[in-house]
Amino acid sequence: MLRELILSDFKRHNFRSISLRNLFAIFLIQPIPGLKYMILFRLTQHYRRKNRILFYFFFLWLRRLKVKYGLDISYRTKIGKGIYVGHFGGVVVHGDVEIGDYCNLSQGITLGVSNYGKNRNTHYWSSCFLGPGSCVLVTLLSGIM
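Be aware that the sequence shown starts at 464, since it is given in our numbering, and climbs by one per residue.
Treat the hints as calculated values from the structure; they're not laboratory data.
For clarity, every value in this text was computed on a predicted model and none was experimentally measured.
The beta carbon of each residue, even a glycine, is placed where N, CA and C say it ideally should be.
Treat the hints with care, as some may be off.
Restricting the straight-line Cα-Cα distance to at most 30 angstroms, the calculated cross-link-like pairs of lysine-lysine (DSSO-like) are [to be verified]: (1) K529 x K544; (2) K499 x K513; (3) K513 x K531; (4) K544 x K474.
Cβ-Cβ distance ranges computed for the label pairs, FRET-style [as the list claims (entries may be wrong)]: (5) K529 x S597: 16 to 26 angstroms; (6) D535 x F592: 29 to 39 angstroms; (7) L483 x G558: 24 to 34 angstroms; (8) I492 x R515: 24 to 34 angstroms; (9) I516 x L491: 29 to 39 angstroms; (10) G552 x N485: 19 to 29 angstroms.
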């Protein structure tokens, strides 16, 4: 499952396979911030319940990249395969938001969930493009009045 998710992210960035050469290029030679962040995001989610030591290692690395690239996507966020983060900077995604398959995220977007009501509402987007400066905040108003 993990390999399929990472491979679909690679294909969205025009890489055909997961190879040592491609990983070396992404992480060291010519970093691609969105893909680099998503690889570490997937690894953090994968090891969350399987290996606590590896989880904390990838979690701390992911936190460092949050500051470096301005991508604040919680490791609790459910993201489908083939995500594309084209531009980094100012991307904020709440942990209770669900993003579907093959979505494009641009710079300056905010996907949030309001804390009003009994149940917080999560949303699922699939095959969408969230352009620069998009802000989606969902509020569930049941039980307030």
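Quick rundown of the hints versus the structure:
With a C-alpha separation of about 21 angstroms, the suggested pair K529 and K544 falls inside the 30 angstroms cut-off, and the hint holds. A distance of roughly 22 angstroms separates the Cα atoms of K499 and K513; the hinted pair therefore holds under the 30 angstroms criterion. For a cut-off of 30 angstroms, the pair hint linking K513 to K531 stands: about 27 angstroms separates their Cα positions. Among the hinted pairs, K544 with K474 is consistent with the structure: their alpha-carbon atoms are about 10 angstroms apart, no more than 30 angstroms.
At roughly 19 angstroms, the beta carbons of K529 and S597 sit within the given window of 16 to 26 angstroms. Taking 29 to 39 angstroms as the suggested C-beta distance range, the pair D535 and F592 does not conform, at roughly 20 angstroms. For the pair L483 and G558, the supplied restraint of 24 to 34 angstroms holds, since their beta-carbon distance comes to about 32 angstroms. For I492 and R515, the Cβ-Cβ distance of about 32 angstroms falls inside the hinted range of 24 to 34 angstroms, so the restraint holds.
I516 and L491 have their C-beta atoms about 24 angstroms apart, which leaves the hinted 29 to 39 angstroms range violated. Between G552 and N485 the beta carbons are some 24 angstroms apart, a value that agrees with the proposed interval 19 to 29 angstroms.
The structure is inconsistent with the numbered hints 6 and 9, although it conforms to all the rest.
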